[in-house]
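All chains, please: the whole structure from these sequences, using the hints.
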Amino acid sequence: MKRFHLLLLPIAAVGLLMFPIVLEAASLEPVDNAGVQIQRQEQNGVAYLSGGIGEDEAKAIQQATGYNLHMTFSIGPEGKYVPDVDVIVQKPQGQPVLTLSQAGPLVYVQLPPGRYTVVATRNGEARHDTAEVGSGSPRQLVFNWKGEE
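Its first residue numbered 1, the sequence shown is counted upward by one per residue in the numbering used here.
Restricting the straight-line Cα-Cα distance to at most 16 Å, the calculated cross-link-like pairs of lysine to aspartate or glutamate (EDC-like) are: (1) Lys-91 - Glu-132; (2) Lys-146 - Asp-84; (3) Lys-146 - Glu-78; (4) Lys-146 - Glu-125.
By construction, these hints were calculated from the structure, which means they are not laboratory data.
Just so we're clear, the structure is a prediction, and the values are computed from it rather than from any experiment.
Next up, the structure:
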């Protein structure tokens, strides 16, 4: 029995030494900025980011500033991110200001202040929502499809 306890001591010591590494991995900073491929894009004078596949890429987008509409696309009750959504952001009159294919799972957009309708379509199934954006806090829209991939 004494030998068993003597073996546990080194294992516990290694566990304690690894604790700071585990804490560092849980930080909000991207693990490898060089590996993140998020680039600001523009369409019709509207700047946006689209991506979020993988933890580093998702964190990089979530830390971006200056975007007043944040959209998240997911499936199922667990909210699994999906990157294959067609998005149309349009003015109240129906005029599109941004049209994206195979976007997500995170899309951040910088829009002029106003009211917009967003249509997010995945596998032929559309979801609609409206967003009033301005200079205050970003408007968050979450689109979830209950079906499987």
